[in-house]
Amino acid sequence: MIAITVAFLVALACGVLLGRWAAPRRTRRGSRDARPEAVRRILLPFTGSSISRRAFDAAVRLARVENATLMPCYLATVPLNLPLDAALPAQCLRAMPLLETIEQRAVAQDVAIDGRVVRGRTFRDALRRILSDEHFDRVIVSAEHQAGHSLTGDDLVWLLDRADAEVMILRPAPADDRAVAAEVIGHF
Amino acid sequence: MVSDATGHLKVFLGMAAGVGKTVRMLDEGRAELEAGRDVVIGLLETHGRAETEARAIGLERLPRRRVTYRGTTFSDLDVPAVLARRPDLCLIDELAHTNAPGLDRPKRYEDVELILGAGIDVLSTMNVQHLESLNDKVAELSGVRVRETVPDTVLRRADEIVLVDVTPEALLERLRAGRIYPADRIDAALSNFFKIENLNALRETALRQVAENVEAQRVEPVDDVVAQAVGERLMALVEPYPGAQRLVRRAWRSAQRLSAPLDLLWVAPPGGARPGGDGETARSLHALRQLASVLGATMVVEEGDDVAALAARVAGERGITYILVGASRPARGLGRLREPLPMRLVRLAPGVDVRIVADRTRMRGRREQRR
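Taken in sequence, the protein lines are chains C and B. Take the first sequence: its letter number 87 is residue 87 in this note's numbering, and every next letter is one higher. Take the second sequence: its letter number 158 is residue 158 in this note's numbering, and every next letter is one higher.
Just so you know, these hints were derived from the structure itself, not from any lab. Wrong hints could be hidden among the right ones.
Said to hold, decoys possible - Simulated crosslink set (SDA-like; lysine to any residue; CA at most 25 Å straight-line): (1) B:K10 to B:S133; (2) B:K10 to B:L33; (3) B:K195 to C:L80; (4) B:K195 to C:L93.
Unchecked claim - Ranges of calculated distance between the beta carbons of each label pair, as one might list FRET restraints: (5) C:D133 to B:S75: 47 to 57 Å; (6) B:E45 to C:R171: 47 to 57 Å; (7) C:E66 to B:A183: 53 to 63 Å.
Since the structure is predicted, the reported quantities are computational estimates derived from the model, not experimental observations. Glycine residues also receive a C-beta, built at the ideal position from the N, C-alpha and C atoms.
Chain C with its partners taken away, still in its complex shape (with noise of 0.2 Å):
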C-alpha cells in the first residue's frame, strides 16, 4: 500500500515538473502580461480613423527597448447635447478595429499593449481626463494636422505645457500618409 502511495506522489511530481518544462514560454508569457506596478507606460492618443504610422513605430519601438506597455488611446468626442457619459457605437465602429489592428501589430513586436477609449467633449478634454486619471511616462503624438480630425498646433502647446509626463511630438513628413489603418487579422 505505502508502495503504490509513494509510486503514486512520485509520478504526481513528475507529471507536475514535466508540465513546467513544457511549457516554458507560456510561463515567460504570462509573467509579461502581469506587469509590476513600476512599469513604464507610454500613451498614444489617436483620433481618427488611422494613426500616423511614424508615431506608431516610435512608440512601439521604444516601448520595446524600455520594456514599457504601450497604451493606445482613442480620444473620443462628445456632441454637447449627450451625456458625456453616454455610448458612442459609430465611433467606436472607427476606433475598434484600429485598435485591434495596433493591438495585434504591436504584440508581434513583443510589445505589450493596454489600449483606451477615452470621452471628453474635444480631443483636448478627452487627453486631459485620461492624463489626470492614470500616469504616463510618456507621451507620443504626430504633429500631423487635419482640420478637425486631429490634435491642433494648441492642443500640442497645452500638452508640452500640462503632462505630466515626457512629450514626444514628431515632425510631420511624407512618410505619414502611410498611416496605421485598420487592417484586421481575420475576422472581426
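Fit chain B to the given chain C structure using the hints.
Just chain B now, with coordinates in the frame of chain C:
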C-alpha cells in the same frame, strides 16, 4: 380599397432633407389617382422648392387648418376636414412634425393614426434621424439632435416603408445647386449637417433601418415569450487585465452584427470586487468599465469561486443566448484533470451557445515567425 378596416400606411424614409421623399410621395399619389382612386393632399411642405410644387399640380389639396395661439397664427393639417372629405388615400408630409399649439393632438403621427383608424390610406414621409431609437445615435453621428421624434412603434406599424435613396455626393450636388435650401442657407448647411461623413453614416443607418424592418415583418413573434427567445443577447466573460479588451472588442462586434445587447461579466474572487484592490487590477477594471460604457455594454461583477456556475446563473437571469470566453492557456499539472470552462458552461447553461474567441495576436506572431 377596404374602407371599414384600418387604413394602409406607407412611409417614404430618407437619410436627410432633399433626397426626394416628398416628390416620390406625390408621384405615387398621382399614380393612384390615375388608377382611379380618390386621392387628396392633406398636407404638403414644399419648403419653397419649385420642383416639388410642380409635382403637386393636378392633385386636390385640402386647405390647412388655421389656429391662433397667443397672438400668432399657425397653419397645420386639418384632420376634421380629412375625415369629412373621406378620400381613399391622403398624402401627409412630415410624419415627425410637432403640431401647432392649440391643436387636438401634439404630434402629426397621432393625427395620422386617427386618419388610418377611419379607414383612410396614408402616404407619409420622414427622415431617419426622427426615429426615436436612433435619435441618440444620429445625434452622435451628426452632432445635431432633432427634437421632433417618432416612436419606433409608428414605423413598425407601417405596412410599407420605402427607402428614398441618393448617394451623398448627389445630395451635396443638389444642395449646392440650390435645389434643397435657398442660397443664403447653403453654406451653413454644408458646414453643419450636410457633411459627407454625416451623410454616409445616415445613409447606412437608413438602409439598416429598412432592412431591419423587412426582417421584423418577415418574422412575427407570437408573444413576448417568443420575442425573448428570438432576440439575441450576448455575454462576454472578462477579467480585469489588458488582454480582456480584445475579447470585449470582438464580443461587441458580434453584438453589433446581431443587433443584440452585450453584457460583460467578471466573476471576481470572494472579496476581490471591493473597491481599492491592487493597483494593476483596479486600473484594468476601471479601463474595462470605461470601455463597456463607451460601447453601450453593461458591466456585471459577481463574486464567487465557481466561474461557470455563476456565469450560468447570470446567463439565465439576463436571458443570454451567447456566452463568449477567451481562449485559455493549456492546463498544466493537476489543472488537466479539471473540466475546461467552456465545457462546464455548455453543461450548466443548456440552450446557450458558447463561443471561444481566438487570440489573433498570437496568430500574427506565428505568421511573422514563419517568415
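Numbered hints the structure breaks, given as an ascending list: none
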